[in-house]
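Asker: Position chain B against the provided structure of chain A, taking the given hints into account.
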Amino acid sequence: KQEVTQIPAALSVPEGENLVLNCSFTDSAIYNLQWFRQDPGKGLTSLLLIQSSQREQTSGRLNASLDKSSGRSTLYIAASQPGDSATYLCAVKDNQGGKLIFGQGTELSVKP
Amino acid sequence: GAGVSQSPSNKVTEKGKDVELRCDPISGHTALYWYRQSLGQGLEFLIYFQGNSAPDKSGLPSDRFSAERTGGSVSTLTIQRTQQEDSAVYLCASSLVERGAEQYFGPGTRLTVT
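From first to last, the protein sequence lines stand for chains A and B.
The letter at position 82 of the first sequence is residue 84 when you use my numbering, and the numbering goes up by one with no holes.
The letter at position 64 of the second sequence is residue 355 when you use my numbering, and the numbering goes up by one with no holes.
Because the hints were derived from the structure by calculation, they are not lab data.
Watch out, some of these pointers could steer you wrong.
With a straight-line Cα cutoff of 30 Å, these simulated BS3-like cross-link-like pairs (lysine-lysine) come out [stated by the list, open to error]:
id	chain 1	residue 1	chain 2	residue 2
1	B	LYS302	A	LYS3
2	A	LYS44	A	LYS113
3	A	LYS113	A	LYS3
4	B	LYS306	A	LYS44
5	A	LYS44	B	LYS308
6	A	LYS113	B	LYS348
With beta-carbon atoms standing in for the labels, derived distance ranges [claimed, not checked]:
id	chain 1	residue 1	chain 2	residue 2	range
7	A	GLU58	B	ASN343	31 to 41 Å
8	A	GLU58	B	GLN371	37 to 47 Å
9	A	GLN83	B	SER296	23 to 33 Å
10	A	GLN83	B	GLY319	27 to 37 Å
11	B	GLY307	A	ALA81	20 to 30 Å
12	A	VAL15	B	VAL365	27 to 37 Å
None of the values given here were measured: they were computed from a predicted structure.
Glycine included, every Cβ here is placed at the ideal spot set by N, Cα and C.
The shape of chain A in the complex, shown without the other chains (with noise of 0.2 Å):
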């Protein structure tokens, strides 16, 4: 059973640090993963998608690696802002099928 795990739980940076939030799952047979941004109350922002194949993905100060044969993926956020803010979470999708199976997340907060 896949199982995906985020670290830290939470997290804590003054402004314009550059900061790796971590995702790690079990079953490296994945179709793709996606990063995901979550404001309190709202729903989810998709940030980022990688395929299988691929190995990063870059949007903005956003990017993201991925190493299936290691089971882990990073958010690399550069020069970090108070409006970044929020939680991030990740999810997998395996090969059996559509859903996607998602970590507990990472809350960020920023510091002005």
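Answerer: Frame of chain A, contents of chain B only:
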């Protein structure tokens, strides 16, 4: 263009009542998913519709839960005889047909069972 929409945004119901939650996917998206987000369980999959194929119901927690998708578009999640443990945010997502397609989420329906 319009994203995934869900209604109602909030629903308070008494234990034992039935509730219906609605999801309107992005136009042209043939895949539709329901997930549930609760404090103790995180975000968990409930059910998945893909075109005319039989839905994947493997995530439904009990037979009190059911879902329909009419005309390949709008979906309704029904919870019968609601229990307090059904209190959660119910999220709907949609995607294009390709297996590698990105899923886009709606704002969710917050269900509170009193």
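Asker: For every hint, state whether the structure bears it out.
Answerer: The hints, checked one at a time:
no.	hint	verdict
1	B:LYS302 x A:LYS3	violated, 33 Å
2	A:LYS44 x A:LYS113	holds, 21 Å
3	A:LYS113 x A:LYS3	violated, 38 Å
4	B:LYS306 x A:LYS44	holds, 25 Å
5	A:LYS44 x B:LYS308	holds, 26 Å
6	A:LYS113 x B:LYS348	violated, 42 Å
7	A:GLU58 x B:ASN343: 31 to 41 Å	holds, 36 Å
8	A:GLU58 x B:GLN371: 37 to 47 Å	holds, 45 Å
9	A:GLN83 x B:SER296: 23 to 33 Å	holds, 29 Å
10	A:GLN83 x B:GLY319: 27 to 37 Å	holds, 34 Å
11	B:GLY307 x A:ALA81: 20 to 30 Å	violated, 52 Å
12	A:VAL15 x B:VAL365: 27 to 37 Å	violated, 42 Å
Violated hints, listed in ascending order, are 1, 3, 6, 11, 12; each of the other numbered hints is respected by the structure.
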